[in-house]
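Given the structure of chain A, go ahead and fit chain B onto it with the hints provided.
If you're matching them up, the sequences are chains A and B in order. Under my numbering, think of the first position of the first sequence as 1, with each following residue one higher. Under my numbering, think of the first position of the second sequence as 1, with each following residue one higher.
Just so you know, these hints were derived from the structure itself, not from any lab. A virtual CB, placed ideally from N, CA and C, is assigned to each residue, including glycine.
Interface residues of chain B toward chain A, partial, derived using beta-carbon atoms under 8 Å:
| # | residue |
| --- | --- |
| 1 | 70 |
| 2 | 217 |
| 3 | 229 |
| 4 | 290 |
In the DSS-like style, the derived pairs of lysine-lysine whose C-alpha atoms are separated by at most 27 Å in a straight line are:
| # | chain 1 | residue 1 | chain 2 | residue 2 |
| --- | --- | --- | --- | --- |
| 5 | B | 20 | B | 30 |
| 6 | B | 227 | A | 316 |
| 7 | A | 315 | B | 300 |
| 8 | B | 300 | A | 316 |
| 9 | A | 316 | B | 157 |
| 10 | B | 216 | A | 342 |
| 11 | A | 342 | B | 227 |
| 12 | B | 226 | A | 342 |
| 13 | A | 316 | B | 125 |
| 14 | B | 157 | A | 320 |
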Amino acid sequence: MRCVPFHYHRTSLHRGEVLYLRQVLFLTYVIRQGEEFEVKLNPQNNLRKLYLEITNRCNLKCKMCYRQVWEQEIGYMALDMVQRIIDHLKVFPKLEKIVLGGIGEPTYHPQFIKIMKELQKTGIPLALTTNGTLLENQLIQTLLSANVQEVIVSVDSSSEADFQNIRSTELSAILEKQKNMVSLKKARKQAFPRLSWEFVAMKTNFRSLPQVVRRAAEIGVSAIYVTHLIPVSEENAQEILYGDTLVPEAEKYFHMAYNTGHAKGIKIMRPQNVLKTDRSCRFIDNYSTVISWDGEVSPCYRLLHPCQEVVFGRKKRLIKKSFGNIKDMTLEDIWQSPEYMKFRYFVKYNMYPSCTDCDLVDGCDLAADSELDCMGYSPACGDCLWARGIIFCP
Amino acid sequence: MAGYVGKILRVNLSSGEISKEDLDLAKAKKFFGGRGLAGMMLSEEIAHDVDPLGPDNKIFFATGPLTGAPVPTGSRYMVVTKSPLNNTIASSNSGGYWGPELKFAGYDMLVVEGKADKPTAIFIKDDEVELRSAENVWGKVTSETTKTLLEEFGDPKAKVMCIGPAGEKLSLNACVMNDLFRAAGRTGVGAVMGSKNLKAVVVKGSSKVELADPDKVKEVLSNTTKKIRENGLTGQGLPTYGTALLVNVINESGVYPTNNFQQAYFPTAEKTSGETLAEKYLVKKDPCYRCPIACGRYCKVDDVEGGGPEYETIWAYGADCGVDDLGAIIKANYFCNEYGLDTIAAGCTIAAAMELYEKGYIKEEELAGGPELKFGSSEAIQYYTKAMGLSEGLGAKLAWGSYRLTESYGVPELSMSVKKQDMPAYDPRAIQGMGLQYATANRGGCHVRGYLVAPEIAGIPEKLDRFTMEGKASWAKLFQDLFAAIDSLGLCIFTSFALGADDYAAMFSAATGEEITGADLMKVGDRVWNVEKIFNLANGYTKADDTLPKRLLEEPIPEGPSQGHVNKLAEALPEYYKIRGWDEEGVPTEEKLAELGLAVEKLPRFKLA
Chain A
1 MRCVPFHYHR TSLHRGEVLY LRQVLFLTYV IRQGEEFEVK LNPQNNLRKL
51 YLEITNRCNL KCKMCYRQVW EQEIGYMALD MVQRIIDHLK VFPKLEKIVL
101 GGIGEPTYHP QFIKIMKELQ KTGIPLALTT NGTLLENQLI QTLLSANVQE
151 VIVSVDSSSE ADFQNIRSTE LSAILEKQKN MVSLKKARKQ AFPRLSWEFV
201 AMKTNFRSLP QVVRRAAEIG VSAIYVTHLI PVSEENAQEI LYGDTLVPEA
251 EKYFHMAYNT GHAKGIKIMR PQNVLKTDRS CRFIDNYSTV ISWDGEVSPC
301 YRLLHPCQEV VFGRKKRLIK KSFGNIKDMT LEDIWQSPEY MKFRYFVKYN
351 MYPSCTDCDL VDGCDLAADS ELDCMGYSPA CGDCLWARGI IFCP
Chain B
1 MAGYVGKILR VNLSSGEISK EDLDLAKAKK FFGGRGLAGM MLSEEIAHDV
51 DPLGPDNKIF FATGPLTGAP VPTGSRYMVV TKSPLNNTIA SSNSGGYWGP
101 ELKFAGYDML VVEGKADKPT AIFIKDDEVE LRSAENVWGK VTSETTKTLL
151 EEFGDPKAKV MCIGPAGEKL SLNACVMNDL FRAAGRTGVG AVMGSKNLKA
201 VVVKGSSKVE LADPDKVKEV LSNTTKKIRE NGLTGQGLPT YGTALLVNVI
251 NESGVYPTNN FQQAYFPTAE KTSGETLAEK YLVKKDPCYR CPIACGRYCK
301 VDDVEGGGPE YETIWAYGAD CGVDDLGAII KANYFCNEYG LDTIAAGCTI
351 AAAMELYEKG YIKEEELAGG PELKFGSSEA IQYYTKAMGL SEGLGAKLAW
401 GSYRLTESYG VPELSMSVKK QDMPAYDPRA IQGMGLQYAT ANRGGCHVRG
451 YLVAPEIAGI PEKLDRFTME GKASWAKLFQ DLFAAIDSLG LCIFTSFALG
501 ADDYAAMFSA ATGEEITGAD LMKVGDRVWN VEKIFNLANG YTKADDTLPK
551 RLLEEPIPEG PSQGHVNKLA EALPEYYKIR GWDEEGVPTE EKLAELGLAV
601 EKLPRFKLA
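Excised from the complex, chain A in its bound form:
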């Protein structure tokens, strides 16, 4: 630790020294709350789940994607960074899963196969979220050889035309590739990876959900994650089905789909359809973290990139939140940093305001972006629809 002479003039301090001072002076492992309470943080390496965004590039242009509205540098995670992360993970004994995902298509990374092989060596169970367009034989064999437990493919319609409209690619082609994966898996007498689907429910596609479940059964899908849409533009804000109530017709189709799921033995994860008092952040509750392609460590997908969302018709600027970069610090230091720990504490115990149903939300300037909320917490989670269970990421 560097000793900082206290006669140093503020303006002459280096950034590192300022950060150090700030840490020592302010960001201790104690949270003072009011007159009566003081919470002592107990840092430990209890990370359970890592979301790894090896790239934020994608070969598709899906209409609901954050990528439609962001102004973010795009790129691929370098192999040495993957290696560095793998090294950093060694100190986390409770790590249960690495999900390759993020706001990009992992299989689009030119060195995807190599990365899978490196990750395989860790012995940590893996999962892959993908658009399924690049599931070719060699790639499938890699997945089958690696410790991949689940492959989650986005399938939002059973109709070729609708799917094309949403994801700008052919449904039949990605279904063929999945069938091939399932048969190769059977040939190797493997139970894993399980094949799952993710369905983003919108006004234009909800009627196809029961049929999607049937198609899923034909192909050998084990689970379908149904999530609502978090619109990123005012245009697709018209597509949402949730609100004070679920669009009545959607309710009917949802139930048909769920019942079909029971009959076909497909687990269907259902989203919340209305705003409820209950809040829980699956990222925080599951002791998860997200690392973006450029090494930034973020608490969740929502705050992974600077972006925009439209919450109940209200535009909100999302400000990227990073608690540190793998290039500068170890994941352990970042995970145990007072700032990140305090953030997890406040979110886990729901000590943040609820913007979505606040009387003042249509004007409040604090709700215009995710920097700060009216209780002083930063980043602001009061508008998060993931915590409400309306939006769900596997």
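Relative to chain A, chain B alone:
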């Protein structure tokens, strides 16, 4: 340095010199910042008798320690200078996003001195400060100026503060605009910028306000936001209807000045109410930086849309001009934003002109082809606002403000102003304390120097009898000192509906690390008030100026719920001076100055009691 940034940016437009100096932290804490600190510095730095529109006047753009900090409404900054309208200490407050941005760029305040030889803009990008020619935007309205300068600056997220054509033409009704629709409205501060050939200041910063105790700030923010949300005005009335919610409230109390204060009840006020505004014209709310209340409106009528109108504007162009056409008022407000006019002064000047016209002082030929200046004319309010903004035709005279206008016809008593500044939308004949406050406010007739409407009408924090002066002297002092402190901290006075001195003290303490109590905070307010008072005394103001227009002292309200009342200023003024620790002439005593720690400050010379 927490709360404060610790730097002052000083630009001399005559020499082109740009310098950065350290903030005197001890002095800053003594006066908080913003209105207080800049007022003290102005008093020290300029000769009291400088020509307000000459190069020796200085103009301060000052944030407070809580501007840009994570506390509710930390959006405010003050424009402090010697007023060309009335030679008082001008300090005009504005919200929006410009003030916080100046702080994020690394400066507590910007001081502009001298006079540029050609139209100039100041571009500030953190450490980089540049003087640029503004000839391309000279003569341009606010929206065009803002758009052009943002393009030149090259960052759409930068914030623009500027003057419109009114400021360039040195109109005494000219304001300083920022973020398109926000105004440091009163006291003619726009003309001071114009006199310096300073068209605009564009700023973009990249740092945050450092906090002494972030956990404590969280707690304070949480507590104060809760109070703001739970309060009927800040949590419901203002968010839903904006300040215009007052139209019906004040009119129903019979204290809604109508036709240049000739009446105090406007029968068709409902047509211009906040409720009507919300129903017919409101597009969205338009908040300031980090404000949960969002009283700001954004309205559209025909092909005109933009920020506002506020209550005072609706009144000045509405009831005060006898107009109940809300669409026309929104348009007049739009022209004020574009030309850079203070909506209160502009509307009141037109109201005074209407009375002058109806009484035969302004002759038809003087209208230069413009519409008749009749009370109730929605055409006139729009036409003469534009004429005033451009100083064209009769507009050149209107640009002087109501006092000089009426004086030029030999009837200054028709100007409903105090110290040449037009009074806003509350008839003090039946809100007695408000009359005392108007008469004693340091920058002239003003509602944001002390809002006694809160206790006298709305019962906040306690309901007072509005028809009597009893006890009002101490209430006036209390409100004036509290608002001086809030202005100096960089917060919005609307928070005071929900918060008290202790809340503000807690915010200041948590942000700066300097522990103070509510009583300490009130003392800072008192100190600021006295510095301003002394500035005015040095400029020749006397007890005789602490008064109201004759109409309000002598002519009873003719009809409506408050019929029959006049303001009883004389009953309360001596008591007010006494409570302030001043002598019978309204001059601070030596003891008072010593008590406030002002004896050691370099104040302008004035005749001490």
